[in-house]
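Q: Residue strings, one per chain:
Number of protein chains: 6
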Amino acid sequence: MPVCITGIERVEASVVDQFQGAEVATIHEAQGRKGLMASYMRPIYRPAQIAGPAITCQVAPGDNWMLHVAVEQCQPGDVLVVTPTSPCEDGYFGDLLATSLKARGVRGLIIDAGVRDIATLTEMGFPVWSKAVFAQGTVKETLGNVNVPVVCAGALVNAGDLIVADDDGVVVVAREEAAGVHEKAQQRLANEASKRERLASGELGLDIYNMRERLAAEGFRYVSADEA
Amino acid sequence: MPVCITGIERVEASVVDQFQGAEVATIHEAQGRKGLMASYMRPIYRPAQIAGPAITCQVAPGDNWMLHVAVEQCQPGDVLVVTPTSPCEDGYFGDLLATSLKARGVRGLIIDAGVRDIATLTEMGFPVWSKAVFAQGTVKETLGNVNVPVVCAGALVNAGDLIVADDDGVVVVAREEAAGVHEKAQQRLANEASKRERLASGELGLDIYNMRERLAAEGFRYVSADEA
Amino acid sequence: MPVCITGIERVEASVVDQFQGAEVATIHEAQGRKGLMASYMRPIYRPAQIAGPAITCQVAPGDNWMLHVAVEQCQPGDVLVVTPTSPCEDGYFGDLLATSLKARGVRGLIIDAGVRDIATLTEMGFPVWSKAVFAQGTVKETLGNVNVPVVCAGALVNAGDLIVADDDGVVVVAREEAAGVHEKAQQRLANEASKRERLASGELGLDIYNMRERLAAEGFRYVSADEA
Amino acid sequence: MPVCITGIERVEASVVDQFQGAEVATIHEAQGRKGLMASYMRPIYRPAQIAGPAITCQVAPGDNWMLHVAVEQCQPGDVLVVTPTSPCEDGYFGDLLATSLKARGVRGLIIDAGVRDIATLTEMGFPVWSKAVFAQGTVKETLGNVNVPVVCAGALVNAGDLIVADDDGVVVVAREEAAGVHEKAQQRLANEASKRERLASGELGLDIYNMRERLAAEGFRYVSADEA
Amino acid sequence: MPVCITGIERVEASVVDQFQGAEVATIHEAQGRKGLMASYMRPIYRPAQIAGPAITCQVAPGDNWMLHVAVEQCQPGDVLVVTPTSPCEDGYFGDLLATSLKARGVRGLIIDAGVRDIATLTEMGFPVWSKAVFAQGTVKETLGNVNVPVVCAGALVNAGDLIVADDDGVVVVAREEAAGVHEKAQQRLANEASKRERLASGELGLDIYNMRERLAAEGFRYVSADEA
Amino acid sequence: MPVCITGIERVEASVVDQFQGAEVATIHEAQGRKGLMASYMRPIYRPAQIAGPAITCQVAPGDNWMLHVAVEQCQPGDVLVVTPTSPCEDGYFGDLLATSLKARGVRGLIIDAGVRDIATLTEMGFPVWSKAVFAQGTVKETLGNVNVPVVCAGALVNAGDLIVADDDGVVVVAREEAAGVHEKAQQRLANEASKRERLASGELGLDIYNMRERLAAEGFRYVSADEA
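Protein chains in written order, with my numbering: chain A, 2 to 229; chain B, 2 to 229; chain C, 2 to 229; chain D, 2 to 229; chain E, 2 to 229; chain F, 2 to 229.
Any given hint could be a false lead.
The list treats identical chains as interchangeable, and a pair is accepted whether it falls inside one copy or across any two copies.
Said to hold, decoys possible - Cross-link-like lysine to any residue pairs, in silico, SDA-like; alpha carbons within 25 Å at most:
1) Lys196 / Val224
2) Lys35 / Val149
3) Lys141 / Glu13
4) Lys103 / Gly8
5) Lys35 / Met2
6) Lys185 / Arg197
7) Lys103 / Glu193
8) Lys103 / Gly220
9) Lys185 / Gly8
Quick caveat, the hints were computed from the structure, so don't treat them as lab data. Here the structure is a predicted model, which is why all the values come from computation and not from measurement.
Construct the complete structure from the given sequences, taking the supplied hints into account.
A: Shown next, in the form of structure tokens:
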């Protein structure tokens, strides 16, 4: 049953380009607040930001054999997404695999498990978002799957989907929705820019968003400390 | 029932000034080891240190509407303290609200929940102590309270109390006790300075604190490895 | 019953020297994957790396009295290993104790509990690996033990054992095994160096490790996305 | 500074009586959703329900000396509330202290730490809500405080406040608010009884609460699976 | 965008019947070890076992409005699966909703959040698998989705999929795979029955599974304690 | 390197007999508060109590191959102690292995990982103390060790050591210390019996333990609520 799906369809390169530098929070909002990985997924160094199509890799607990199969499926610009079949903090990935991925032009690693050699990975400038940092190594005894749909840190990832990661965390954008999400993100950013300017000048959110009336309608009261 | 208390009494500005640069551990000791928030409250960047009167904001889980009400209550030098009514890691706060708070001269944010846009907040130099970093946004549907007493990360905070935060965490000093606590902290620092010097010169704590006798009295024994 | 064992036998200085700069992951592998502390043991700043013989210190929860006894047992190059008898996050250790340890030439602290004054410790360049950062102080009321065997973050540590710590975590090497472990680590590094070069040039782990045959033998299949 | 406050004012006995058998969820709602302890506070056996005035006890980590002081302050019908000054899972309380409390007519224990001898406590029918079950004992070396205000599992408790605990957890009702809260709880229960009957007969919450219109107004859509 | 999908296709009733009494561990194995929810999903009472088609319900944190929409979609024999869009332990569900679901013949609730009124739910015999027990209530302000695909406790659930839950946890079986999984489970059970008999008679797994040869081939050694 | 040590020396049967029915808390105290496993080790059903010599089994994450080797080493009255080399919650153990152990007269299982089939294990009356309940199965691909020293849930266990487990948790008694510990436990129980009687009659711990003087000496004050 273990399998590697080859020749997967990736989110289009021209679309991916538009997401370089994008912020996870913005993308998450722009796509209707879905696809966000759990808050325990943290970057090994900051700042860091990447965007690229997912190669997915499902591994057994404490076993990184499948990572080597996944590496071969990676193309320049890809992001490798690794998830164990049961919760595990082992260090599946270190500087050797990072060297291999870097040689293939891979942009970074997302792993719902542990990573090691983070001092070297930091020097190499190879970004990783992981659940843990742990020197505990893995074996190569049990098969897994490459490019099947996986649930990584609570988010569903299909091979070829767009991954965006930054200091806030990791979000998945479905392949066929990426172009639309980018457009909505742009609108959002434009909208935010004007608001940022108004807020910076001292205007209040209460006024910009017309909240005062709605507060009153819901029975919200202002009471002086003297009377409280 | 939801309410915003206005015109709260703040810890005096001249007292607050004395706490700029103060260390949380020192303040905590000086006030008899109370008022410390839980260890999960961590700064988004380091080093960071702030001190200022608390504006308190109680929010519903996943709902940041009340933050906008709280912003208006903030004066230059204040520290905003936010706590949800049930445990929540959502990103209640990002760069737009930080822009607004910064425009008002607010010194930083303490939030028993999540924060997002931390790359931008770091660039802006707006310090935040939070329970989580999480891109998950919030809605603006449910009312809360501003400047009521809150329990934030296990510590009771009344509006106007003094908040001191640094790389070690966050401590609350009751408004009326702040001046006294500062005095005790100064004594403590003076005492520590002389001890630091002696320790740096190689003298032992065992001697400085006269511990040898008490150890013997309690039956503590030194045994050579050969005889053990 | 509380005791301080004196005159312990330390891993030989010439052997310790060989571990300066060594990586925890490498050492852990070289000694057959044992002696690794739990992944929650994190350095207060990065990068950091130390190696040295362990002085062990078993403390009561919330009580750092024994640390002062332990300090006297420390010699230049030692690493202090502290573990409470029940789980505790209190800040047992701050800048005063660090000043004392630094004056004695101690290389760093490993503590399965909390630490405080981390801004100052970072400035001083005194590295600490801990379970928590917490300003909560401790008392000096209850005895403990120095240089008895302890379990620290899940790893057994005997006084005089070699401690190696870096950005990935902390590993313990039994005193009498240290020389042998170093030798195996060197072989491992040599082996890794050649592999790193091949991987950097684009060769695949699948080929370097001759995995293709074994994958096929275990029934692993490659399936095109069109047929999947 | 350590102190035991004597002669505290308790919530009135006749009011306490009304809360026997009350449900935590109902009381929490009736008092505007405040005073609830964290969800990690779990009963050692089920079912269990108690209500009574709080005797508060603040203890050092790993030190149960103050419990003995607190016992003397307890009167028949009281509930003992214990909280350590820093997070601790030690077993502060076992069958001996339970025997003592039972002899005094105390209704149960609420402890933001560990408990032990739970097999015996279960046989004795002495209910405990705790953060952990842990055989690790404590010492009697460090002073604490009795009947001062404490924060227990995130909730502020003043001595004499009403504690209500059941299988769902623990809630605190301020002494002077207890009578009013009971009245609101009764209204709530009456209201719920009629709703329970309608729901049991198959009527829908959508209709009972008139939600259909509001759903439509907010743009909620029903889409057949065929068209989705 | 919020939506309720109606008229979903359920796993066939005759297939569901075959899963009554089935064990989660067996089903999980029989379908190739996928679809298992996280280990934190625990039943509120034991023993408990259910099987039925999923009605999915995605809710905002701290907001149970959508549960009322979901109830109407439930048919006799269904299992309601609820997941918040961000991590939340609030008590979304209590005895009123249970009364409503029971009136509709719903078999139980799976919720990646909190539940309350568990004493009453236990008396009613309405089984719930949840992440937490928490009396904290919810509001009805924010829309969600019913019968869209959700990730619940790390497992992907489509409306109409088969849910099996017992004392070990919760597993999801894809609608179209349920019949095949049942068949494989039966083979597994038959196989296990014969093994159970042999093991009960004292035969060893080492012999039943022919492990001795493979152990030797991998270099596993038996060493007497005298020589070790 | 993987090995099974045979012919280990067990704590004497006559000594083990004395620990049947013993309480973990009492034993832990009697041996100077060491050897206690972490509080997350919980029994799958209550009440439960066992005592017996340890067979230790070190397993790879997600791999239960070595359990079958360990079973053969078990004799009537033994307790199997299993610990993974890295943190893992997988269900290593279910009703088949329990059937095999029961056939050999094994008293129970202690596992720093997950267990499954707990409904059946409960029916069988085979007690297990575990870190998790999880239906996720394991493979049989990677070797481990049997009867080597292990750290299980933070406690060092040598093969042949005495394990005592009850509703409070699990404690390890070193083989050669077991007889002495039993004697001290008996003294402790005798001492507790007389105290229990006095406490049950209403005498206070403050008087039984002569605490009043020491409290006064340390400056502890009683203050009436009126003056506070």
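Q: The structure should be examined with respect to each hint, and the outcome stated for every one.
A: Consistency of the hints with the structure:
1. Lys196 / Val224: neither (29 Å within a copy, 36 Å between copies)
2. Lys35 / Val149: both (20 Å within a copy, 12 Å between copies)
3. Lys141 / Glu13: Answer is neither: 33 Å inside a copy and 35 Å across each miss the 25 Å cutoff.
4. Lys103 / Gly8: within (21 Å within a copy, 49 Å between copies)
5. Lys35 / Met2: between (30 Å within a copy, 12 Å between copies)
6. Lys185 / Arg197: within (18 Å within a copy, 43 Å between copies)
7. Lys103 / Glu193: between (35 Å within a copy, 16 Å between copies)
8. Lys103 / Gly220: Neither way: Lys103 and Gly220 sit 58 Å apart in one copy and 29 Å across, limit 25 Å.
9. Lys185 / Gly8: So Lys185 and Gly8 fail the 25 Å test inside a copy (29 Å) and across (31 Å) alike.
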